[in-house]
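Spelled out from the first residue to the last, the chains are:
Number of protein chains: 2
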Amino acid sequence: MSEHTVSAYEEELRVLAGKIAEMGGLAEILVADAVKALTRGDLALAKRVIPEDRRLDQMQREIEDAAILVIARRQPMASDLREVVSFLRIANDLERIGDLAKNIAKRVIAIDGQMISKKLTVGLDHMAEIALQQLNSVLDAYGNKDDALALEVRLGDDEIDALYTSLFRELLTYMMEDPRNISQCTHLLFCAKNLERIGDHATNVAETVHYVITGEMMDPDRPKADTTSLERVALPG
Amino acid sequence: MSEHTVSAYEEELRVLAGKIAEMGGLAEILVADAVKALTRGDLALAKRVIPEDRRLDQMQREIEDAAILVIARRQPMASDLREVVSFLRIANDLERIGDLAKNIAKRVIAIDGQMISKKLTVGLDHMAEIALQQLNSVLDAYGNKDDALALEVRLGDDEIDALYTSLFRELLTYMMEDPRNISQCTHLLFCAKNLERIGDHATNVAETVHYVITGEMMDPDRPKADTTSLERVALPG
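So the sequence lines, in the order shown, correspond to chains A and B. Per UniProt numbering, the very first residue in the first sequence carries number 1; after that it's consecutive. Per UniProt numbering, the very first residue in the second sequence carries number 1; after that it's consecutive.
There could be a bad hint or two in this list.
Same chains, same label: a pair holds when it works inside one copy or across any pair of copies.
DSSO-like, lysine-lysine: derived pairs with alpha carbons at most 27 angstroms apart [what the hints assert, rightly or not]:
id	residue 1	residue 2
1	LYS36	LYS193
2	LYS47	LYS193
3	LYS19	LYS119
These are calculated hints, taken from the structure and not from any lab test.
Turn these sequences into a full structure, and let the hints steer you where they fit.
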């Protein structure tokens with residue numbers, strides 16, 4: 001490639017990386033706002049989150065189109081190709097994080113005005129805090145090509161999984177104690193699961209970052225600490 | 001492109017389309033087996049489903065690698081490019097369907113041996129049947145480039161959503177009637193949600209088929225009949 005072509009190519013990559021950063025920032029805001037709406041019972045905020053998800057969908061399509069055009073026109077190889085493929089993968093994960101935030105916001109509307117017990121609020125807030133930290137760190141790891149930070153994010157997912165398992169048990173206990181809690185707690189169970197899945201998507205991004213930097217896949221056998229799908233909860237009485 | 005190149009290119013597309021069909025077939029089997037394991041309480045079958053999901057993950061990676069190589073080497077344009085992009089998108093949806101089937105299988109182990117009420121089994125079986133029909137139809141629509149069938153699949157998703165909404169209400173009622181049902185019904189709620197999401201992925205594939213054939217996106221404003229995240233269930237007593 002001539003110098004002129006190389007610099008045009010680098011500019012294309014720079015623009016795409018900028019769009020990923022923008023998408024990441026928007027995804028973070030949607031998750032934070034959805035959880036804030038949930039724990040404060042803020043219906044107006046929940047209603048503002050829901051349509052915002054569309055912007056992430058649109059951005060994903062734009063990134064996909066642009067990345068594929070780059071592959072076709074520039075025929076990048078090796079690490080350059082991995083870089084462009086990472087745009088496709090990360091945009092996909094961020095779009096899904098937006099879906100999960102939107103789903104939390106919809107459930108805020110479902111449990112309209114019902115007070116959530118302080119203890120559950122604390123648990124959800126804590127899960128959301130860790131999930132957002134993970135998302136923030138992995139976007140930093142991506143921006144700075146920081147493999148060590150990406151590995152850290154991946155290991156950190158165990159903490160979210162453990163918090164989810166604990167909240168899952170707590171929510172089941174609440175439901176068993178009083179059937180009037182069942183409807184609300186069911187929505188909170190799905191919200192907690194959504195936060196756990198947001199953590200999984202941050203982990204996916206961490207794996208993509210590792211792949212971009214090293215050309216290698218992370219070991220798929222990472223042990224999972226979310227064991228609730230294998231959980232048998234003791235029944236009262 | 002020379003005739004020789006064109007035919008090599010067509011052969012690459014043919015191989016990729018074959019891999020998608022193979023992935024689709026495996027995804028169908030995993031969903032069918034996971035649901036069979038659930039409604040029959042067949043632990044051995046559930047344990048066979050769980051590791052099979054890995055094969056779908058592996059196939060997705062292979063399809064992604066091969067499709068990107070085709071884009072870089074052949075620089076397809078217009079409908080050819082859409083065809084190759086569709087491999088990426090559909091492999092992604094099929095991989096996620098595999099994850100959802102695996103999650104159902106894990107929950108079979110969680111509710112180990114507990115009998116599921118006949119009424120709930122019927123509801124789950126019916127949802128699974130429609131979801132599998134949708135998946136099967138959309139894979140046919142893809143294989144035969146049948147836009148009318150793709151549109152039909154997309155419209156059919158409303159039925160799965162409606163079944164999910166109805167099952168969601170039923171499960172909540174069961175939980176309210178007897179707290180001893182809560183643990184099992186929670187897992188069944190997630191299983192039902194997984195089936196509903198499998199339907200969403202079939203819809204995504206339908207949208208990709210429409211895009212391959214026409215070059216246009218389907219209208220994103222399709223009304224959704226899964227309203228459970230907006231649901232306020234009447235509390236007993």
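- Message: For each hint given before, does the structure comply? Return the numbers of the non-compliant ones in rising order.
- Response: 3
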